[in-house]
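A.B. asks: Sequence:
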Amino acid sequence: MPVRYTSKDVSPEPLAQELYLHPSGRVAKNRFLKSPMAESLASWDPEIISKRGIPTDELIELYRRWGEGKNNFGIVVTGNIDIDLNSVGAAASPGIPVDAPFEGERFEKFKQLAAATKKDGSLFLAQVNHPGRQVPYKFNPVAISASDVQLDPKMGMTFGKPHAATREEIAQIIEGFAHAAEYLEKAGFDGIELHAAHGYLLSQFLSRTTNKRTDEYGTQTVENRLRLISEIANAIKARSSRTAA
1 MPVRYTSKDV SPEPLAQELY LHPSGRVAKN RFLKSPMAES LASWDPEIIS
51 KRGIPTDELI ELYRRWGEGK NNFGIVVTGN IDIDLNSVGA AASPGIPVDA
101 PFEGERFEKF KQLAAATKKD GSLFLAQVNH PGRQVPYKFN PVAISASDVQ
151 LDPKMGMTFG KPHAATREEI AQIIEGFAHA AEYLEKAGFD GIELHAAHGY
201 LLSQFLSRTT NKRTDEYGTQ TVENRLRLIS EIANAIKARS SRTAA
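Once you know that position 205 of the sequence shown is 205 in UniProt numbering, the rest is easy, because the numbers rise by one and skip nothing.
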């Protein structure tokens with residue numbers, strides 16, 4: 001017989017308590033969090049890149065419902081928001097290209113998305129992402145990654161052989177994340193989450209399986225493995241307010 005562990009009754013009351021977030025000073029109204037999940041409800045055009053990734057009325061309504069109610073989620077987190085519309089992990093994910101201005105249709109739709117979600121007091125965070133080598137071949141046959149390690153086919157998708165990011169491309173990646181963070185804060189979001197898991201670009205730099213570099217972005221030391229994420233975080237801090245979570 002397997003060993004079973006006994007447990008005591010625990011009060012659920014703390015889940016209803018406010019949660020103070022350091023160092024931003026933001027306060028979540030309770031400790032329930034809607035986790036990031038892909039929606040695939042943004043605009044999509046297989047040919048015209050600039051028409052991709054704009055929040056639709058359907059996406060805005062979905063998040064309005066997730067934020068609806070005084071006792072609903074204290075924190076709502078989006079699914080992937082891509083920083084490069086040429087490199088997307090899935091069709092119809094929201095996206096903010098590095099040259100996206102703080103005006104126009106895309107910006108107004110992101111503002112509507114934030115306002116709808118936050119109407120009843122939820123904090124709203126964006127999961128910002130670059131998929132790296134995890135871009136389906138049909139979207140981008142020559143993706144970017146830490147190194148040229150190709151991803152095997154999975155879930156009915158095939159992936160092209162990536163190339164190792166150059167220093168110039170790394171600088172563009174950092175700028176892409178920083179611009180997205182600034183853009184989202186101006187649109188009314190309370191903060192962002194860097195997506196550094198699930199095989200996407202940032203985790204490709206962290207993993208020895210996908211990172212074979214020998215420069216300062218390699219995996220020789222913990223500092224090197226974290227360098228890209230650290231530089232992105234510093235760039236975001238330089239362009240965000242002190243109250244951004």
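Calculated from the structure, these hints are not laboratory results. Just so you know, not all the hints are guaranteed correct.
[Claimed, not checked] The calculated lysine-lysine pairs, modelled on PhoX-like cross-linking and capped at a C-alpha distance of 25 Å, are: (1) Lys70 - Lys29; (2) Lys111 - Lys8; (3) Lys119 - Lys161; (4) Lys51 - Lys186; (5) Lys34 - Lys111.
[Claimed, not checked] Derived Cβ-Cβ restraints for the label pairs, each shown as a range: (6) Lys8 - Ser50: 34 to 44 Å; (7) Tyr20 - Ala238: 18 to 28 Å; (8) Tyr5 - Gly104: 19 to 29 Å; (9) Ala197 - Asp9: 30 to 40 Å; (10) Ala197 - Ala238: 48 to 58 Å; (11) Lys154 - Asp9: 36 to 46 Å; (12) Pro153 - Phe32: 31 to 41 Å; (13) Phe32 - Arg242: 38 to 48 Å.
Even for Gly, the Cβ is constructed at its ideal location relative to N, Cα and C.
A.B. asks: With reference to the structure, classify each hint as holding or not holding.
C.D. replies: Evaluation of the provided hints:
no.: 1; hint: Lys70 - Lys29; result: holds (9 Å)
no.: 2; hint: Lys111 - Lys8; result: violated (45 Å)
no.: 3; hint: Lys119 - Lys161; result: violated (44 Å)
no.: 4; hint: Lys51 - Lys186; result: holds (21 Å)
no.: 5; hint: Lys34 - Lys111; result: holds (19 Å)
no.: 6; hint: Lys8 - Ser50: 34 to 44 Å; result: violated (57 Å)
no.: 7; hint: Tyr20 - Ala238: 18 to 28 Å; result: holds (24 Å)
no.: 8; hint: Tyr5 - Gly104: 19 to 29 Å; result: violated (56 Å)
no.: 9; hint: Ala197 - Asp9: 30 to 40 Å; result: holds (33 Å)
no.: 10; hint: Ala197 - Ala238: 48 to 58 Å; result: violated (24 Å)
no.: 11; hint: Lys154 - Asp9: 36 to 46 Å; result: holds (43 Å)
no.: 12; hint: Pro153 - Phe32: 31 to 41 Å; result: holds (37 Å)
no.: 13; hint: Phe32 - Arg242: 38 to 48 Å; result: violated (26 Å)
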